[in-house]
Every structure is written in C-alpha cells, then in structure tokens.
Amino acid sequence: RKRPASSGRRMSHNNRKSCTRCKHVNCTCRSSGERETDNEDGDTIMDMENNGASNSAPEADIPAKEERKRDVSPVIDTTTTATKEIKVGDKVLALWRVEDKDWREVVIIDKNKDSTKFYVHWADFNRRNDAWIESSRIDLETTREKLKEVRERKRRFDEFTHESHEDHEGLGEADLKEHEELTKVKNVNKIQFGKYILDTWYFSPLPREIWKAGDDVLDKLYMCEFTLGFYKTEAELERHQKKNPHRHPPGDEIYRNGDVSVFEVDGEKSKIWCQNLCYLAKMFLDHKYLYYDVDPFLFYVVCECDSQGFHVV
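Heads up, the sequence shown is in our numbering, so the first residue is 1 and it goes up one at a time.
Hints listed in this document are in silico derivations from the structure and should not be mistaken for laboratory results.
Where hints are given, some of them may not hold.
As a list, the in silico DMTMM-like pairs of lysine to aspartate or glutamate whose alpha-carbon atoms are at most 20 angstroms apart [said to hold, decoys possible]:
{"#": "1", "residue 1": "K220", "residue 2": "E236"}
{"#": "2", "residue 1": "K146", "residue 2": "D100"}
{"#": "3", "residue 1": "K154", "residue 2": "E134"}
{"#": "4", "residue 1": "K271", "residue 2": "D216"}
{"#": "5", "residue 1": "K117", "residue 2": "E105"}
{"#": "6", "residue 1": "K184", "residue 2": "D286"}
{"#": "7", "residue 1": "K146", "residue 2": "E238"}
{"#": "8", "residue 1": "K220", "residue 2": "E134"}
{"#": "9", "residue 1": "K232", "residue 2": "D216"}
{"#": "10", "residue 1": "K269", "residue 2": "D286"}
{"#": "11", "residue 1": "K101", "residue 2": "D114"}
{"#": "12", "residue 1": "K113", "residue 2": "E134"}
{"#": "13", "residue 1": "K91", "residue 2": "E141"}
{"#": "14", "residue 1": "K117", "residue 2": "D139"}
Let the hints inform the model, and build the full structure from the sequences given.
Structure (structure tokens):
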C-alpha cells in the first residue's frame, strides 16, 4: 500500500549525508543559521542564511575607517598650526613685567638659532631697554585685534601724561635708519667697573680684539677703573691690577673739594684712555659718534678719592 504523500521528503538512511564538519549524520555542531545545500556538481557546501549581511560587512567597515580618518586629520592640522613661527621684524606681544601680566608690543630684532631667545625692542620704551627674552614671554597667538587694543591703551596713557618717547632730535631719517641698523643689538649685557656691575643700555663699537661683528654677545665685560682697559675675563683683570701702578686718570688734577676731584685729560696726549672712555660712554648714550678722533678735545673727569686711589664717578 502506498503511503500518503507528505509535505516534506523523508531521506532514507542510505541517502542521508554526513556533516561536513564532524562527519556524523545526526550532528549538533551546526548552528541554527547554517544549512547544507547541494551545488550543481553534487558537492555539499555550507551556506549562511544571512549571507547578504556577511558580504556587506566589509563594505560597511570601509566608510567607518574613512570617517575615523576624517575625524583625526583636523587634530593633526591644529597641532601643526598651533605654534606660530616668529620671524625677525614681526610685531608681537610680550610680557614686560611677568608678575603683573603686563603685555606690551615688541618688535623682533634678532633671535638665536633654536628660537628659544629673542632680542626685542619694546615699542613703549627707549632703545636702552632692548634685551634678550625667553620665548615663553612671547604671545605666539598675537592677533591684530590684540595689538590694536594694546596700542589704544598706550595712546590714551600718553595723552593723559603728555609723555613723549622721542629722543632722536637732530638726526635725519636716513641717518637714524642707518644708525639703528648698525646698533640694533647690544654686544655687551653687563660691565664690571670697580666694585659696581652695570647693566648696559646700548651697542658700543668696541675694539676688534674685544668684540667684532659675528661674535656672541658678551654677558659681562671687565674694565679697569684707573686705566679704562677692557678685559674678557676676571683673571685677566686681576693680573693687570697686580702690575698696574696707576691710581688716577692721566692728566692734571685741576680741582679738589674734600674727597672729590676733577682731572683734565688731553685727548692728544692720552689717546687710548680717552677712546676707551668714549666706548664706555656709548654703552649709555644712544647717539654718540666720537670714538676715534679724540685729539682735538679735552676731557674733564670727576673722581672720588680714597685710600685705594681716584675712582671715576
């Protein structure tokens, strides 16, 4: 008797195919989403019900990676542009008094090789205050708006105090420009004169054996207060002082009152002494052109006298 037809085909024991994984007929290693199918060649293959999803997964990852790249790239660009390169001639803001957070406009005159120090001119002050400052005192994010605000504050202050910083009277524009270009950077920071250490204000064209163009800035220069000789090291000055018998300026003492004396020194007779006096004076005077031609002049020098000698005031 024929059996009634069923909706599903029942496989005989001989027709059943073993699992492609474990080789058992009634295996449990198959996942619910997998099924075996026969291809045209009769081979058993594994298939996934969510085959379309698995095939599209790599395509979904590609936009995600590209999106991550787009998110990262602005961060790199921001980091690159955060530090502004300061060039010679730039006008930026810098801290005048660090403790007071006093920002002032400066002009970059020079900088060292690794840009950790900058030689600046303070726009609000005389050139005597030009100095080397650390890069940490400079606002690398200076904008035109910030500069405008600082300049407006300075203008209101000058109008209130009627203060003027002009000290170049008598110089033409061309002469002034040439002078500032030649003397824009101080070549000596300090000078030891007797028992005093003085902060210099301006450039001085010292003799070539002491300093010449291209040399590094001298942090401290030593000077004999009696002969006005220059020395690069303290040891050189001490050796000179042991051999030097002079304890007063060359020339004639023309006035004395107590411990104060005045000497008259002839530039023709004491040429080196008078030239060195001019080099010293130039460190504190912006415009002084008398360095070499001292022969026609008489110099009057005020001194204080004690047991060690006559000290130039």
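Against the structure, the hints come out as follows:
| no. | hint | in the structure |
| --- | --- | --- |
| 1 | K220 x E236 | holds (13 angstroms) |
| 2 | K146 x D100 | holds (18 angstroms) |
| 3 | K154 x E134 | violated (24 angstroms) |
| 4 | K271 x D216 | violated (28 angstroms) |
| 5 | K117 x E105 | holds (17 angstroms) |
| 6 | K184 x D286 | holds (10 angstroms) |
| 7 | K146 x E238 | violated (51 angstroms) |
| 8 | K220 x E134 | holds (19 angstroms) |
| 9 | K232 x D216 | holds (12 angstroms) |
| 10 | K269 x D286 | violated (27 angstroms) |
| 11 | K101 x D114 | violated (26 angstroms) |
| 12 | K113 x E134 | holds (13 angstroms) |
| 13 | K91 x E141 | holds (12 angstroms) |
| 14 | K117 x D139 | holds (13 angstroms) |
Against the hints set out earlier in the document, violations occur for numbers 3, 4, 7, 10 and 11.
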